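S.K.: Chains V and F are the protein sequences, given in the same order. Take 3 as the starting number for the first sequence in the numbering used here and just add one per residue. Take 144 as the starting number for the second sequence in the numbering used here and just add one per residue.
Please keep in mind that the hints were generated in silico from the structure rather than gathered at the bench. Keep in mind the model is a prediction, meaning the values are calculated, not measured. Any given hint might turn out to be false.
A few chain V positions that, by computed beta-carbon distances, are all more than 12 Å from chain F [stated by the list, open to error]:
#1 E6
#2 T75
#3 T101
#4 E104
#5 T105
#6 G108
#7 R110
Label-pair distances were calculated between CB atoms; the ranges are [what the hints assert, rightly or not]:
#8 F/G276 x V/E15: 23 to 29 Å
#9 F/D275 x V/P17: 41 to 47 Å
#10 F/T163 x V/G73: 41 to 47 Å
#11 V/E6 x F/P158: 44 to 50 Å
#12 F/E148 x V/E6: 48 to 54 Å
#13 F/A258 x V/D22: 33 to 39 Å
#14 F/G276 x V/H113: 39 to 45 Å
#15 F/T145 x V/E15: 44 to 50 Å
#16 V/A123 x F/G219: 14 to 20 Å
#17 V/H93 x F/G154: 25 to 31 Å
#18 F/T145 x V/R41: 24 to 30 Å
#19 V/H93 x F/D275: 41 to 47 Å
Beta carbons are placed, not taken as given, at the ideal position from N, Cα and C, and that holds for glycine.
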Amino acid sequence: MSIEPGTTIPPWEMPDVSPDRMKTMAAILRDPYPVHWDREAVDAIGFGPRVINQGPLNLSYITNMLMAWQGPTCVRRLRVSFGHPVLDHDHVTATGTVTSIETVDGERRAHCDVFLERDGAPVVTGTAVVALAEATPDDH
Amino acid sequence: MTETELENLIGYRFPGGTRTIEHWENWLLTDCTGREQLPDHLVHPVALFHVPIQGVGTSIAELFALGQVEGAGSVGLDGYDWEYFQPLREDVEYRFDGGVIETERVTGTDKRTGAPAVYDRFVFSVELTTPDGQPAARITNHWRLRR
Numbered sequence: 003m004s005i006e007p008g009t010t011i012p013p014w015e016m017p018d019v020s021p022d023r024m025k026t027m028a029a030i031l032r033d034p035y036p037v038h039w040d041r042e043a044v045d046a047i048g049f050g051p052r053v054i055n056q057g058p059l060n061l062s063y064i065t066n067m068l069m070a071w072q073g074p075t076c077v078r079r080l081r082v083s084f085g086h087p088v089l090d091h092d093h094v095t096a097t098g099t100v101t102s103i104e105t106v107d108g109e110r111r112a113h114c115d116v117f118l119e120r121d122g123a124p125v126v127t128g129t130a131v132v133a134l135a136e137a138t139p140d141d142h
Numbered sequence: 144m145t146e147t148e149l150e151n152l153i154g155y156r157f158p159g160g161t162r163t164i165e166h167w168e169n170w171l172l173t174d175c176t177g178r179e180q181l182p183d184h185l186v187h188p189v190a191l192f193h194v195p196i197q198g199v200g201t202s203i204a205e206l207f208a209l210g211q212v213e214g215a216g217s218v219g220l221d222g223y224d225w226e227y228f229q230p231l232r233e234d235v236e237y238r239f240d241g242g243v244i245e246t247e248r249v250t251g252t253d254k255r256t257g258a259p260a261v262y263d264r265f266v267f268s269v270e271l272t273t274p275d276g277q278p279a280a281r282i283t284n285h286w287r288l289r290r
């Protein structure tokens, strides 16, 4: 099936955001910010006793969706804004839609609106540019 | 931090340096994202958060100190703009250069309480190049430092 403006990207789900993965991520990032591993610190700022997922992990679910769709080297650009925090044990879903197609140096690229949603409401919104793995219309 | 001190951060340059993404680090990072490992020593694209910060010779803790913020609730993410000029791979010694490119004091509204709130926009950018000097990636991160 050809990819064109309006094409829906197959969603990618993270059914249970893991606090243990946040701890590993905090170590990888060398991130001292306690909201990712200290429940009391999060409770004190009004989010309740659940730790807050790292922004890069929220973005990673969107990139996982894009790579599952067009392969592991497809991502050319990501521009995202972060809204409400994602908390441990949330169920989130990455979604996206193609908005336009262009060809750059012989590479066919899709410009996409992308989202990370919780309960149907976006918590991350943005755009992505993705190199398409499909053959161009001129290929035979 | 005074507004003048904040403005003076524009143009601040990080030390710069080189960094290699090792297999164990990429493996753990990819596992944290909840997907299977990538083929051909490819690095997960989300590495463009921490690798440029560390590769340019700073850290999240030092960025907090530079912006004079500390403690839970002091920092929020406004957004990222990440460009990939070629796929990143493990065991390549990338070069990193960058600095603070924008700051701005903003009087706004707290998202949760609706009360007036002061925060600072803090924007930094880092460029990655390959060992032979080819552009590999560029990141521009927008943070919100709450006052």
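S.K.: Now tell me if each hint is right for this structure.
M.R.: Now the hints, each set against the structure:
| no. | hint | result |
| --- | --- | --- |
| 1 | E6 | holds, 23 Å |
| 2 | T75 | violated, 4 Å |
| 3 | T101 | holds, 17 Å |
| 4 | E104 | holds, 15 Å |
| 5 | T105 | holds, 17 Å |
| 6 | G108 | holds, 15 Å |
| 7 | R110 | holds, 16 Å |
| 8 | F/G276 x V/E15: 23 to 29 Å | violated, 41 Å |
| 9 | F/D275 x V/P17: 41 to 47 Å | holds, 43 Å |
| 10 | F/T163 x V/G73: 41 to 47 Å | violated, 24 Å |
| 11 | V/E6 x F/P158: 44 to 50 Å | holds, 46 Å |
| 12 | F/E148 x V/E6: 48 to 54 Å | holds, 51 Å |
| 13 | F/A258 x V/D22: 33 to 39 Å | holds, 35 Å |
| 14 | F/G276 x V/H113: 39 to 45 Å | violated, 29 Å |
| 15 | F/T145 x V/E15: 44 to 50 Å | holds, 46 Å |
| 16 | V/A123 x F/G219: 14 to 20 Å | holds, 18 Å |
| 17 | V/H93 x F/G154: 25 to 31 Å | violated, 43 Å |
| 18 | F/T145 x V/R41: 24 to 30 Å | violated, 35 Å |
| 19 | V/H93 x F/D275: 41 to 47 Å | holds, 44 Å |
Violation of the numbered hints given earlier is confined to hints 2, 8, 10, 14, 17, 18; the remaining hints are satisfied by the structure.
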